[in-house]
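Student: Single-letter residue listing:
There are 2 protein chains.
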Amino acid sequence: TFKVLQVADMHYADGRSTGCEDVLPEQVAGCSDLNTTAFLYRVIRAEDPDLVVFTGDNIFGADSTDAAKSMDAAIAPAITMNLRWAAVLGNHDQEGTLSREGVMRHLVGMKNTLSRFNPEGVEIDGFGNYNLEVGGVEGTLLANKSVLNLYFLDSGDRSTVWWIPGYGWIKASQQAWFKQTSLSLQKNYRNEEPRQKEPAPALAYFHIPLPEFSSFTASDFTGVKQESISSPSINSGFFTTMVEAGDVKAAFIGHDHINDFCGKLTGIQLCYAGGLGYHAYGKAGWSRRARVVSVQLEKTVSGEWQGVKSIKTWKRLDDQHLTTIDSEVLWNRGSNGRIMTEAEFRLGD
Amino acid sequence: TFKVLQVADMHYADGRSTGCEDVLPEQVAGCSDLNTTAFLYRVIRAEDPDLVVFTGDNIFGADSTDAAKSMDAAIAPAITMNLRWAAVLGNHDQEGTLSREGVMRHLVGMKNTLSRFNPEGVEIDGFGNYNLEVGGVEGTLLANKSVLNLYFLDSGDRSTVWWIPGYGWIKASQQAWFKQTSLSLQKNYRNEEPRQKEPAPALAYFHIPLPEFSSFTASDFTGVKQESISSPSINSGFFTTMVEAGDVKAAFIGHDHINDFCGKLTGIQLCYAGGLGYHAYGKAGWSRRARVVSVQLEKTVSGEWQGVKSIKTWKRLDDQHLTTIDSEVLWNRGSNGRIMTEAEFRLGD
Chain A
1 TFKVLQVADM
11 HYADGRSTGC
21 EDVLPEQVAG
31 CSDLNTTAFL
41 YRVIRAEDPD
51 LVVFTGDNIF
61 GADSTDAAKS
71 MDAAIAPAIT
81 MNLRWAAVLG
91 NHDQEGTLSR
101 EGVMRHLVGM
111 KNTLSRFNPE
121 GVEIDGFGNY
131 NLEVGGVEGT
141 LLANKSVLNL
151 YFLDSGDRST
161 VWWIPGYGWI
171 KASQQAWFKQ
181 TSLSLQKNYR
191 NEEPRQKEPA
201 PALAYFHIPL
211 PEFSSFTASD
221 FTGVKQESIS
231 SPSINSGFFT
241 TMVEAGDVKA
251 AFIGHDHIND
261 FCGKLTGIQL
271 CYAGGLGYHA
281 YGKAGWSRRA
291 RVVSVQLEKT
301 VSGEWQGVKS
311 IKTWKRLDDQ
321 HLTTIDSEVL
331 WNRGSNGRIM
341 TEAEFRLGD
Chain L
1 TFKVLQVADM
11 HYADGRSTGC
21 EDVLPEQVAG
31 CSDLNTTAFL
41 YRVIRAEDPD
51 LVVFTGDNIF
61 GADSTDAAKS
71 MDAAIAPAIT
81 MNLRWAAVLG
91 NHDQEGTLSR
101 EGVMRHLVGM
111 KNTLSRFNPE
121 GVEIDGFGNY
131 NLEVGGVEGT
141 LLANKSVLNL
151 YFLDSGDRST
161 VWWIPGYGWI
171 KASQQAWFKQ
181 TSLSLQKNYR
191 NEEPRQKEPA
201 PALAYFHIPL
211 PEFSSFTASD
221 FTGVKQESIS
231 SPSINSGFFT
241 TMVEAGDVKA
251 AFIGHDHIND
261 FCGKLTGIQL
271 CYAGGLGYHA
281 YGKAGWSRRA
291 RVVSVQLEKT
301 VSGEWQGVKS
311 IKTWKRLDDQ
321 HLTTIDSEVL
331 WNRGSNGRIM
341 TEAEFRLGD
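Chain order of the listed sequences is A and L. Numbering follows full-length UniProt numbering, in which position 250 of the first sequence is assigned residue number 250; successive positions increment by one, without gaps. Numbering follows full-length UniProt numbering, in which position 49 of the second sequence is assigned residue number 49; successive positions increment by one, without gaps.
In case anyone wonders, no lab produced these hints; they're calculated from the structure. Treat each hint with caution, since some may be false.
As the list claims (entries may be wrong) - Sample of chain A residues facing chain L (criterion: CB under 10 Å; computed from the structure): (1) 212; (2) 214; (3) 239.
Keep in mind the model is a prediction, meaning the values are calculated, not measured. Beta carbons are placed, not taken as given, at the ideal position from N, Cα and C, and that holds for glycine.
Sequences and hints are given; from them, build the entire structure.
Tutor: Below, the structure is given as structure tokens:
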């Protein structure tokens, strides 16, 4: 099992001196960024993840005196617990003393991080577009293959086109890099010994919802939708690009703190985490939360570990019992994960 | 003035032996591909364009005995009249004796063509993605600058993702190439002597409508919408990429033969041509047609020719008088063509 803890929208500022938003009247006194830190420690201890992914708005730049210090404090629990972690930018990380580029440069220089600045030798929009490969079990034939691929993308902050209002989006250059990376990983997985029949599944992490997050009605998803989907005002096609690539089984975002649902569209699960940070808007009485993804490997009859069998998810609430809610299977090998070959497609068309 | 004649959906097959679709009862006898040819000659003589653009479904492969011969016959009027021409693929061109790649290779080898196979040194989806630069008036300072840019893209045939039904789309790799090309052209136009304040306007030509063509109601456009918009079932974001790039003022397509409107969305005119071919579905009594785009240059008080001032369009009908209809201005310099600088944008945000 490989477990990823997603931490969305910490909105960290100056620590103890930074108050909480949207908590119950009796919780206001003494509530600060340190509550965010305390929850993060609790959920890390409870879940013991293999990787922590911070999906943006890690700090709330506008309220932070020193962006680098805020980021250090925000990420500290992962480092202290000696976990490996990765981060992408949200739309608020760059509002303090560091530019968007500066924040990402700071992140990639921090301890234990697997974050990267951007792919080398590629002209690409944004800061913090990279992928991670999760190897098979050591000592097995898949030890040197990536059985699970993780993509991290910078979904921007605001639109950079003056006559388009609203939030940023994942640009064509980023999508072209993603597509090429995905196809290359799929080719290696299938063609290099030991050859695999199907590509390895993948997960994508970024901050701002795609317009397709608006495709669901309450009966279509698990979790809640308590606010509108704050996607950009135009569709830049990343959902289509993921569908085309075929390996991404689920995309995980933040941005809308009081939405925490997962809904499935055209074979891809679109999942919110729900906000974790106390210095971020929320809903008083509705617990701050984090999303866990657990990836199970297949085991042959003879006991050999194989590729990924299933991907599950649940959320942990910052209540007295760290309650687990909304456990569900996001993907099972064989159920909908099969990629048809070109020949099969042509036959069926 | 620089004039482009757009020829959409000729659906050419075997010439005289290939009959007409959807003509009036009295027109059926003797009607064939040669009527398509005759109309093309008429409209070329009437308009004397500087460039003819064939926007796909140039031939109807399934009914063609020899795809290369059909293509030669279809394009012949442009060559005979000694015009320069460019072509993109539709969704039917490859249904005959040549593959999609084969059709495009044939097109780029034909006489007088400015078509190109694909950009060099770039991995790109599809066949026939290229751009053309239209230089300023000879003897003026702009003689060596491209005052008008034309983009040609392969919008595919059918979806290549088995669980997505319907038509193809412009992929991330094509969009990344388009975006880079556009930014590079804009940079040259603004930074190289004689420096220009605003980027040169651009036009895009491809076959299949973007989902954004469905954004209009009858009061929003000029022309008619007599059938539904046959765009792909998902949005691959090319409209957004064009908006981001900022130079494209109008996109011209075919595919839906009995739609011929232009509507403006977020600063970009989205225009159908209306079908030209007689061996293509149409509407009996509703004339086959072609779209003309006329680009005017600015002239200083001292009589020096400058960059593009305005872009106009109209359609020519294959009736007795080659009637001109739906004349309109697509773009005027200064009206909506101005690109704000990053600094201006930030100020206003």
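Student: Compare the structure with the hints numbered earlier in the document and write down the numbers of the violated ones, lowest to highest.
Tutor: Failing hint: just 2.
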